[in-house]
Each structure stands twice: as C-alpha cells, then as structure tokens.
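Work the whole structure out from these sequences, hints included.
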Amino acid sequence: MKNIKKILVAIDRSAMAEEALKRAISIAKEKEAQLIVMHVVEPSFIESPFVRPIDENKIKKEVKMRVEKLTSEEDIEYVLFVESGSAAASISLKVKNLNVDLLVIGTHGKDDISSHYFGSTTLKLIQKTHIPVLVVKNEAKYAYKEMLAPTNLSDYSKESILFARTLFDTTALKYLHAYVTVDELQALTYRISADQQGQFKKELLTDAHIALEKFAKDVGEGEMVLIGYNTSINEDLLDYIVRDNAGLLVLGSKGVGNLNSFLFGSTASYLVRSSPMDVLVYVPVST
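Here the sequence shown is numbered in our numbering, starting from -9 and rising by one per residue.
Treat the hints as calculated values from the structure; they're not laboratory data.
Taking lysine-lysine and the DSBU-like style, the derived pairs with C-alpha atoms no more than 30 angstroms apart in a straight line are:
1) -4 to 244
2) 114 to 84
3) -4 to 131
4) 148 to 86
5) 21 to 164
6) 114 to 148
7) 21 to 86
8) 86 to 12
9) -5 to 59
10) 118 to 148
11) 191 to 207
12) 21 to -4
13) 19 to 51
14) 19 to 86
15) 21 to 135
16) 54 to 21
17) 244 to 84
18) 207 to 192
Put into structure tokens, the structure is as follows:
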C-alpha cells in the first residue's frame, strides 16, 4: 500500500466537523502527511429580499479561526480552501487535482448520513472519489483501539483492510464474516431431519472458518468471528457491530455505476449509513 502523503478533511460549520478535523490532524501528525482543510459554501437557492447574501469573507475568517485553534495546539501546518459551489462536486475535484490519499468527513450518525445535507454529500463522495473515506460520527477523544472489518472475502475487501492496517498500524483488528446457514424453517421446508440439519450447519461453519483463515493470512493476524445468516445479513451484521462497540468499522465495496443502487443496494452502504461507530470505506476505481 502507498504511503499517506495528503489528507483532506472537509468541514462544515457543525460540531461534528470539528471532531473530523481533530481526527484528521491526529492522522496527519502520525503519518507526517500534508493536512488540507476544505469548507464549501453552497449558494442559497432562495431568491428573496429577506434572505441575506452569503458573506464568504466572514465565513473564511470564522473557519480559519476554528482551524487555527486546533492545529496550533498540535503544532501542525495546514492548507485551507474555502470555496463556493456544490459540496460534493467541489470536494471531489479538489481530491482529484491534489492527488489526495485520504478524505475525512464528519457526520451526525444514521439520520444525518441518510437524509440531511452533509450526510448525502458523504455518500456521494464515497462513490465519486475512489479513495478511502473516513466518516467520523463520534468525538475524537482517543486513538482507535480496535477495528472491526466485516468481509465477504473479496479483493476489494482485502484492499480496504490492508489500507486500514497501513493507516492505523497499532490498532487491533477483528474480522467479521457472515456465511449462509440452515435454519429450522428451511429444514422443515425441505424435509431435512434434525441430524441432517446439524451436519449441514457444521459443514457450512467449517467451510466458512477455513475460507476466513485463508483470507486472514493475506491481510494479517486478527480475531475471527463468524455469523450464520439466512436472509437478513445486513441486520445481523449491524446487530453484532452495535454490540461489539469497536472504535472503527472498516468496509470495502466494489461500488456500482448507479449512485442510487450503491446508496441503498449494498451491505456496505447500509452499514455506512447505519453504523453508530466511525467508518473507513473504500470504493476502488475498477467498478
């Protein structure tokens, strides 16, 4: 995996944006990477004499003061961009033009990322930038102590985990793999006896364990957890994620050509929106 040379943190004027900035500062300092801070002023779509025009100079001063406070405390230099336009389009273009290695964004959890302004921007950026995106949903008080990596054992999942190991090389890793199993309803439907059901479940568990062990050998040591599921893989994974309460969720997704399909049609996007913990997600170029 290549070294982390440039980190761009996109901030709005919310409290969680400050947590994203703290996290980006911490990573940039640890990796000796260039820190780039960007704030996009989206123009108002309402034309009215009662709507005050946006004072971009005032906003730039406010943003600079917030950034200066945090960067001066950590003694780290940064480059600041304050621009007007569409947040998703402006940030994506900056990522491309500056050859950024990691994008950091703050959101306010499930409701924000699925429906509100900056949340929807986050999902668009994950799809469009094709670089790792760290979605910060919690206060950045401590370094991540554990990473939880749900995996379907694919190459893009492997790529995301290898990047996470490069980025957080002292953080413990736990693999989470969901595999198809046989439940009582299926056994009854296909007239499978209790003994046969038990044998099938044992064989499926053994195969899943062997496959996960093989996968882990390529990406590094870590605790391995298997979850048997039938039809609700998303909910079963999320249930475990909530109970596990790790600091960071690591996701890889192959993506799709249609943005709406990506947002609502994959396990990765479901977990990005629903996970209560911070999420590191990567959609590779080869979709």
